[in-house]
Amino acid sequence: WTWLMLPMKYESERHCTTYIEGKEFWTDPRHVDGELLCEKRFGVNEVADLERRLGPYAAASQLQQAPAPRGGGIIKREYWKLWEEEKFPPFQFILASLDTAYTSKQENDPSALTIWGVFHDEAGNPKIMLIFAWEEHLEFNDLVNRVIDTCTMDNRQKAANGGNIDHPRIPVDRVIIQAKASGHSLAQEMHRLFSQTGRFGIDLVGQGIGKWTPDKVARVHSIQHLFAEGLIYAPNRSFADMVIDQCAVFPKGRRDDLVDSTSIAMRYLRDMGL
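Residue numbering for the sequence shown follows this note's numbering, beginning at 254 and increasing consecutively.
Heads up, some of the hints might be wrong.
Mimicking BS3-like on lysine-lysine, the simulated pairs with C-alpha atoms at most 27 Å apart in a straight line are [what the hints assert, rightly or not]:
no.	residue 1	residue 2
1	K469	K380
2	K262	K293
3	K329	K262
4	K433	K469
5	K262	K276
6	K380	K334
7	K505	K329
8	K329	K340
9	K262	K433
10	K334	K469
11	K505	K433
12	K380	K340
13	K505	K469
14	K334	K505
15	K329	K276
16	K340	K469
Please keep in mind that the hints were generated in silico from the structure rather than gathered at the bench. It should be emphasised that the depicted structure is a prediction, and the values quoted were computed from it without experimental measurement.
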């Protein structure tokens, strides 16, 4: 099989070249962004009319062969600020946000964790950095251990794992857990394990509690301005790409667990005045 991708409007970053048996077979002859595929059949006016009637997401999929409009949906890729320095800045507050799954079965959504650090730029303006993220299908006990393993620095856990820790371990100030699925049980178990230790605080949030809305799309719209205003940073790491990609195609993507974790974290930080 060879993949043939012909968007109605040419996009240089999605340039299509097909290969057969390792040899170049065909390449898109267009070179200018926005150049139409077949102007004699679908001219500028016809394409503009199609885009109006289809809407941004249907136009992206049917005309551009992409899962989301160029640049993304509600939280566009261009909204994220790239952190280019080798080291992270000093953080005043570190928050872990967990979206839990109902079960560990592969056909169900995975559990997802994002970790965010609050810092200030040279002018004293508050900024937020995506520090780490993961999404996995885990049984309850494994999920508890995975969260603890990510959000604490514990030498006993290092020894239990044979000293082979292949991911960042970040001592967070607070863990927030969405009040759905296994979230209640997880919060109770973590309270049992960490109450009176001073390691981190645990809050159960979301799903209609307080000022929170259970509607995912409305919640993302409510924090979109934080991204649009350039307050949110991400490093050039694979975990950040995973979060950015999922946010860009929301609400039309196959999964939205990292988006849920992100939107709840942003609402929490904003409502706390951080």
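Hint check results:
Under the criterion of a C-alpha separation no larger than 27 Å, the hint pairing K469 with K380 is consistent with the structure, at around 23 Å. For the hint pairing K262 with K293, the CA-to-CA distance comes to about 14 Å; that is within 27 Å, so the pair holds. The hinted pair formed by K329 and K262 meets the criterion: a straight-line CA distance of about 19 Å does not exceed 27 Å. Our distance criterion of 27 Å between C-alpha atoms is met by K433 and K469, whose separation comes to about 13 Å.
A distance of roughly 26 Å separates the Cα atoms of K262 and K276; the hinted pair therefore holds under the 27 Å criterion. A threshold of 27 Å between alpha carbons decides the hint, and for K380 with K334 the separation of about 10 Å falls inside it, so the pair holds. Distance restraint check for K505 and K329: the Cα-Cα separation of roughly 13 Å lies within the 27 Å cut-off, and the hinted pair is therefore satisfied. Between K329 and K340, the direct Cα distance comes to roughly 25 Å. Compliance with the 27 Å bound is thereby established for this hinted pair.
The suggested pairing of K262 with K433 is violated, with an alpha-carbon distance near 42 Å, which exceeds 27 Å. Of the pairs offered as hints, the one joining K334 and K469 holds, with about 23 Å between alpha carbons and a cut-off of 27 Å not exceeded. Straight-line distance between C-alpha atoms of K505 and K433 comes to about 22 Å, which keeps the hinted pair within the 27 Å bound. Of the pairs offered as hints, the one joining K380 and K340 holds, with about 16 Å between alpha carbons and a cut-off of 27 Å not exceeded.
As the CA atoms of K505 and K469 are separated by approximately 12 Å, the hinted pair is consistent with the 27 Å bound. With a CA separation close to 23 Å, the supplied pair K334 and K505 stays within the 27 Å bound. In summary, the hint linking K329 to K276 is not supported, as the alpha carbons are separated by about 35 Å, beyond the 27 Å threshold. Straight-line distance between C-alpha atoms of K340 and K469 comes to about 33 Å, which puts the hinted pair past the 27 Å bound.
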